[in-house]
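Residue-level listing of the chains:
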Amino acid sequence: MDALELSSHREADVTVVAATGDLDIVTSPRLDATLTEARRASTNVILDLSAVDFMDTSCLAVIVGHWKKLSARGGALALAGARYRYTKTLWITGLADRLPMYETVAEAVAACAGGAPQDAPAGLAQGPAPRPATPR
Amino acid sequence: MIRRSAGTRGGLSVKMEAQVAPAGATWTVTNMDAEFATGGGFSHEAVLYRQPAQYRSAVLGFVQDGLTQSQPVLVALPPVAGESIRGSLSEHPDLAFVDMDQLGRNPGRIIPAVWDFADRHAGRPVRFVSEPVWPGRSAAEIRAAVTHEAMVNLAFAAASVSVLCPYDVSRLAPAVTAHASRTHPVLHTEDGASESPDYAAGHIPPSARWALARPPQRAQRLDYTTDLKAVRAAVSRYATDAGLAADRLPDLVIAVGEVIANTLRHTDGGGTVYLWHTRSEVICQISDSGWITDPLVGLRRPLGPGGLGLWVVNQVCDLVELRTGKRGTSIRMHMSLPARKGRRRG
Chain V
6 MDALELSSHR
16 EADVTVVAAT
26 GDLDIVTSPR
36 LDATLTEARR
46 ASTNVILDLS
56 AVDFMDTSCL
66 AVIVGHWKKL
76 SARGGALALA
86 GARYRYTKTL
96 WITGLADRLP
106 MYETVAEAVA
116 ACAGGAPQDA
126 PAGLAQGPAP
136 RPATPR
Chain A
1440 MIRRSAGTRG
1450 GLSVKMEAQV
1460 APAGATWTVT
1470 NMDAEFATGG
1480 GFSHEAVLYR
1490 QPAQYRSAVL
1500 GFVQDGLTQS
1510 QPVLVALPPV
1520 AGESIRGSLS
1530 EHPDLAFVDM
1540 DQLGRNPGRI
1550 IPAVWDFADR
1560 HAGRPVRFVS
1570 EPVWPGRSAA
1580 EIRAAVTHEA
1590 MVNLAFAAAS
1600 VSVLCPYDVS
1610 RLAPAVTAHA
1620 SRTHPVLHTE
1630 DGASESPDYA
1640 AGHIPPSARW
1650 ALARPPQRAQ
1660 RLDYTTDLKA
1670 VRAAVSRYAT
1680 DAGLAADRLP
1690 DLVIAVGEVI
1700 ANTLRHTDGG
1710 GTVYLWHTRS
1720 EVICQISDSG
1730 WITDPLVGLR
1740 RPLGPGGLGL
1750 WVVNQVCDLV
1760 ELRTGKRGTS
1770 IRMHMSLPAR
1780 KGRRRG
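Chains as they are written, first to last, in the numbering used here: chain V, 6 to 141; chain A, 1440 to 1785.
Calculated directly from the structure, the hints in this document are not laboratory data. Every residue gets a Cβ at the ideal spot worked out from N, C-alpha and C, and that includes glycine. Any given hint could turn out to be false.
Residues from chain A that keep clear of chain V, each with C-beta distances beyond 12 angstroms, as calculated [said to hold, decoys possible]:
(1) 1562
(2) 1563
(3) 1740
Listed below are the simulated SDA-like cross-link pairs for lysine to any residue, each with C-alpha atoms no more than 20 angstroms apart in a straight line [claimed, not checked]:
(4) A:1765 to V:74
(5) A:1668 to V:31
(6) V:74 to A:1742
(7) A:1668 to V:25
(8) A:1765 to V:25
(9) A:1668 to V:42
(10) A:1668 to V:74
(11) A:1668 to V:88
(12) A:1765 to V:35
So here's chain A without its partners, still in its complex pose (with noise of 0.2 angstroms):
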């Protein structure tokens, strides 16, 4: 989805200092003229950033640049670089935040809100930043992650949406700058922007596309055709046993409910469940004979009341691994414990 080289895009360059330097702010700007896709059409660049200064500068100037020609901007950072960026923007109609640590706890949340944002803004370029890796995700959420950043191309190639996703590559494990790299047809470093060389459209990482791993031993396991009602009662028995909050059952029941309804609609056979938890999490896997061909499938909010499910599962679960293909399908869905001592371990 390369269009134009770097060098020659067209857009505003905007000064830093003079628009939105805080009164008082102590930091300063160095990476001046930040320039970045302007007008319709898709654009997903990365920024991988070492100082702060730098992070500051390219967000902050393509937020600005997005305002300037009144395009609606969606900020999803994690809290603290939010709060500080926020902090450091007036007001604006067009310009909304969200904690990327709620909303990206589970990645396949991201793009469907990017989605809710573009209608709520229909007929305008939207701008987007986010920022979907940060340190200390687990190794299952940034391979989540990353497919995220790989369904952005799929999901916007024909919309008017910009991305930018800042990564910390002073902090992040250099295999999660390399997939950025291969995920981002445009990268911004300390030496300005450029094309990037190991753009891969439509690359997944190895280890995103890999089977799951195994259900351990000790999962509880639980074949099915159509007495969903005694898989639902199963699922909600051991996640209560498991200490999963009391507010959170209905949504892994839901999300449970969905998938195994899924499977009486598209197989002529049954499933399997397989319930385990460990300190942190309940998870379950559902695995059938089913092969969902649409790599976009619950990642927009569908217009009518069909095809609600995987759109469901995403919205309600903390992490969801699809892997799919011509011999079945399996998703397996995590729902995190709440942090308390004296939990039965996993």
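Pulled out of the complex, with its shape left as it was, chain V reads as follows (with noise of 0.2 angstroms):
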């Protein structure tokens, strides 16, 4: 089996990326082309991690490079289903706080349906602190 495998599907006008295995320097050129399909599909694209076992930084620069294309075009790119124990670079760097996450997938196309989530939104996906990297 391949170190990562991409699938993308519709669902009502979203793009959902379902990502399995992962996420890392040698498998995020594939996350990146992925995703930029999906970004001329869709304006608004969910990223679904929850079959991501690992995901290192490169992929977080890959996210992040979508993630504002998509929001200067009035749209956004939201994470769905992240794991702490296996996509824990997402908090330790701070970018739990500032993407729009859900807990699952449906979640993630009911927030969309009801308008773009921007960054933040009620129904953030709750994964416990790191441990204090700054003073509290």
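Given two chains presented individually in distinct reference frames, assemble the corresponding complex, making use of the accompanying hints.
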């Protein structure tokens, strides 16, 4: 099995990209390509991270890049199903507080249907806080 | 970075007793007029103390002086001393505390935390109380802490950050104090403040520059090129078997992931992972042919999503030793094992 499998489908007028496996510097170009395609199809894109086992900072750069491009068009990139243990990089870097995050794809789709989430909407996926890296 | 001699520095003279003595305090302050660099600019001063009163006087004076001038102050001390100092100060919106044994467990996290604090108070000079070395730290930790002190002079040279670093000279090895006098332009002793005659900008202790000791014979060795997933899996298995706590395992895997990704990003070859453990730590060293030319790499939260790798490594590891040069880079990451009986010995 590949280190990363990617698939896309439409739900309502949203494109959902599901990632399975490891998101790292080796696989991030494919994530980039898939998100680029999704961005051509929809202004709202959901990245389903529920089956992601690892995430490094090169993928964060890819995700943030697409998030900015979609936001600039009045759309959004939302993350769904991120598991703290496997995608802790999102929390360490503080991106979990800045990107729209939902527990499930269904919640993310509903939020997109109700108007594009800009950032930190209600229903934000909650993970335990990482060990304090900065003073409280 | 000595800008003014201690005797002519401007600044408030703070009468300690009136401002900070808590009701019913039994201690008395003997060193009355604490003078510190003020206003903008960078200062980095060590307090070489032998008596608690000297320590309290210097730290409390530095904090009060800062608050009086509307300078936010971050205090990072080991817990017992920190609680004592905290108990002597009133709550203040510009005053923050952090446990140094957590923040500074890995000294590579200290400078990033000061930057975060300064960024939160952008436009204002800030102060930082930092006791990065305390009795009981390991030799590797002390090397890292002394290197940290040297990096403070580079990192904040152009920033409005005043740093005061207490050193318990009655309990620390003389070599530690000697390094403090090389890394701090100004020293406070029982006799008052003076320029450090030994100060050497950019001083890094020789032991922190020498190549790392070879990994032990028993270390597991793994060469890699592009199969990063296999490396992460091997590290995860090894650390689990060695007893690394389940909630710390992702930290090590993330750190390793960042370092091996850097090999791919910055070199045209592969690298080698060495894994071993002692009774108290899992240690993972990664060596490749890269050369990191920025001495401050990993010491500031990057503004964008690029260049995060070594900053993340510092955030999640308990200690990071980095050696880099023309012949390559080695990064040795330490993760503490939980203290419990019956663990396999290294």
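Status of the hints after comparison with the structure:
Non-interface status of residue 1562 of chain A relative to chain V is upheld: no Cβ of that chain comes within 12 angstroms, the nearest being about 19 angstroms off. At roughly 16 angstroms from the closest C-beta of chain V, the C-beta of residue 1563 of chain A stays outside 12 angstroms, upholding its exclusion from the interface. Annotated as non-interface, residue 1740 of chain A brings its C-beta within 12 angstroms of a C-beta of chain V; the closest such distance is 8 angstroms. For the hint linking residue 1765 of chain A to residue 74 of chain V, the alpha-carbon distance of about 39 angstroms lies beyond 20 angstroms, and the restraint is violated.
For the hint pairing residue 1668 of chain A with residue 31 of chain V, the CA-to-CA distance comes to about 9 angstroms; that is within 20 angstroms, so the pair holds. Of the pairs offered as hints, the one joining residue 74 of chain V and residue 1742 of chain A holds, with about 18 angstroms between alpha carbons and a cut-off of 20 angstroms not exceeded. Restraint check for residue 1668 of chain A and residue 25 of chain V: satisfied, since their Cα atoms lie roughly 13 angstroms apart, inside the 20 angstroms limit. With a C-alpha separation of about 39 angstroms, the suggested pairing of residue 1765 of chain A with residue 25 of chain V is violated against the 20 angstroms cut-off.
At roughly 26 angstroms between alpha-carbon atoms, residue 1668 of chain A and residue 42 of chain V are farther apart than 20 angstroms, so this suggested pair is violated. Proposed proximity of residue 1668 of chain A and residue 74 of chain V is contradicted: the alpha carbons are some 30 angstroms apart, above 20 angstroms. Using a Cα cut-off of 20 angstroms, the hinted pair residue 1668 of chain A and residue 88 of chain V holds, with the two alpha carbons roughly 18 angstroms apart. The suggested pairing of residue 1765 of chain A with residue 35 of chain V is violated, with an alpha-carbon distance near 33 angstroms, which exceeds 20 angstroms.
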